[in-house]
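Undergrad: What follows is the residue order along each chain.
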Amino acid sequence: MKRLLSGNEALAWGAYHAGARVATAYPGTPSTEILETIARFDDIYAEWSTNEKVAMEVALGACYAGVRTIVSMKHVGLNVAADPFMAASITGVNGGLVLICADDPGTHSSQSEQDNRHYARLAKVPVLEPSDSQEAYDMMAIAFDISEQFDTLVMVRTTTRISHSKSVVDLSRSRPAPTGEVGFPRNVSKYVMLPVNARFRHPLVEERMVKLAGFAETSPLNRVESGERNLGVITSGVAYQYAREVFPDASFLKLGITHPLPRELIRRFAGQVDRLVVIEELDPFLEEGIRAMGVEVTGKDFIPLVGELSTDVVGKGAVSAGILTEPPVPPGITAVADLPKRPPLLCPGCPHTGMFFVLASMGQRLKPPDSGDNPAKKSNLIITGDIGCYTLATYPPLNAMDTTACMGASIGQALGMEKAGIDTNIVAVIGDSTFLHSGITPLVDAVYNEGKITVVILDNGTTAMTGHQEHPGTGVSAQGNKATKVELENVVRGVGVSDVRVVDAFNMKELRAAARSALASPELAVIIVRGACAVGVPQRGEPRVVDAGKCNRCDVCLLIGCPAIQTVDDKVYIDTTLCVGDICTICQQVCPQKAITPVTGETE
Amino acid sequence: MNVLDLFVTGVGGQGNILASDIISETALAAGYDVKKTDTLGMAQRNGSVISHVRIAHRVYSPLIKQGEVDILLAFEKLEAARWCNYLRPGAVAIINNHILPPLAVNLGVEKYPGDKEVHGILSQRTDQVYFVEGTTSVTALGNARTLNIFMLGCFSHFAPFEVDAWKESLSQRLPSRLLQINLDAFELGRKEIHDVHV
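Quick note, the sequences are listed as chains W and G, same order.
Sequential numbering of the first sequence, starting at 3, is according to our numbering.
Sequential numbering of the second sequence, starting at -5, is according to our numbering.
Since the hints were made in silico from the structure, they are not lab data.
Just so you know, nobody snuck in bad clues.
Distance windows between CB atoms, simulated:
id, chain 1, residue 1, chain 2, residue 2, range
1, G, 158, W, 174, 25 to 33 angstroms
2, G, 91, W, 178, 51 to 59 angstroms
3, W, 323, G, 133, 49 to 57 angstroms
4, W, 174, G, 191, 36 to 44 angstroms
5, G, 154, W, 184, 46 to 54 angstroms
Glycine is no exception: its CB is placed at the ideal position from the N, C-alpha and C atoms.
Start from the sequences, fold in the hints, and give me the full structure.
TA: Right, dumping it as structure tokens:
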């Protein structure tokens, strides 16, 4: 059966047809659709875990119990899960354990573009890298076999372009019937990592890598595609596709297993070509490994370390290295650079907008883009931020975020600023899913160490930015069933915060009052701002319109940053196809002229 | 080597990803190799969105090279101009004659390019530039959200697939209650491009 599947869908089908029985993940672009796809299969347990560390630990437990298990996350998710990941390397597995790690070259939707193959070198586990959806599907079965044969976690490293590109897949296999009993064979020296056991396991890990290197020498995942001798290209992942187009006649060594390296295969290939280059995305992982073997090779001297590759980028590099002579692209049209940009914005009806408008007003931050700094209006509020849609509040006109580092960092950062002696008000802003992911422990720290910061939890009832996944606060499981709902206010009160307010995300009066009193409070205060994500709201209310007769172009409504509010022919205008209407009305509430009304013309 | 390299551009929320999915599925059903990839920012809505669709007997890179796009299907005028460096000389550009001003334009900080400017940028690459009244037509039809299928109808005029193949993919991808109005939008688009592309 041939189907058009994204890399992520193909990985999910691959795991399913390899007999995986447990799947765990925390959403993160570009990995999210792997678990979303698996959750639609009915004879496999799939969960959104609270965070990647928990996902890895649940996966580890499941594989110890003897079943094939898949855990997926984005590249920075592995930073969170690094501790159990390293532990998994040492203990090895019982049922097969495959980690899918989705890197984001080009930083399409991440805080960094780290190359996670380094983690595999650190943990001494093998890495497979698919080059398209078909390989993604096929590699999952091989990954599980390797995992069980060599007693190791296997990392499958995908990237945004592989995960999110659709290509043709022949779903040639089918799901096997469950084999073997589920059971945990007690084995203290393997599963209890007391120092005495860990010392005993380490040599086994080193032996495993030697055996895996031997396996990589003959695996069909590493293949030579013979061409002309003058140029030999070693490549992996999506870079293979770009290199194939740029060097159609060259000889290729395409590596599907990129750690450990097949050294003899590489030496033989190097001996057959006049010039050897490595084309790889992000770090010179293969290149340095090959150079360390004493083989003469180049790569990152003409292929960028930074950003996503493309046929254009590889072509330009090849010209600069003297491998190609023709300019790869026609000269650009300069006028394009002057076109207005279209930075992403919070959506019309976004439940985050109101609170950010309040904080931005209180902190004297509201201003149009590129209007320069006004020293008379110095902000008297620091807003530490976190990871989610709400990070977009950083942009004008709201300008309502001062830091974003990693999941859950806002609260600890705010506390640190306070303890450093900053005397202005400090607000930490974090979303519901991010709070549950890693905001609870820093909140405990703030309680214990008697912080006086204000923490705003923006609760839109979903994991919005990655495309609306469930989480412990939604009361619904990854597979769409009813689950136990973790109430945010109970968590916050439970860890010892006494000043807790829950406010309506679309009631400007309530938001202002809550922010004022929390900032004035001499103790740690938490405001939970509750309102459903507008993208998930099926019923749109009556849209708002601007009464041109009453509007005096004060433009306060434009400072909300709502994409529905536009100016046409010098008049403010609301695009009624974008406006969500009754559920929001923030523009109507902030308009000093009362010029914004429901479309039927009725005012309050 | 390639039969068709296509760019679908627009603003998040206009339905361009569904449109490029349907194009890709129609090409697969017609027996071609297909790769399709979307480049979008972190926002769910309102940012620039581009889909690369490559249809050939064997496709390697999912991303199209600059200067090699055969057909540009643009749902919004500014987004049409933004990606013109990807067009090959003589490419076909089908542009929905509709403006969605970015925030900086609304705030009066930047200026939305005039029709002459958009046309001027595109004409440096090709003289096959067709403006279609997609938003106006589908609004009159009664469902502004069928714009993407209207644009598919426009594209179908240049694509090597039969009308029945398009209808089959539409019926597979769209909920049955919305199928008829989308088929109507498809026909409207097909007719309109036929009228402007003589």
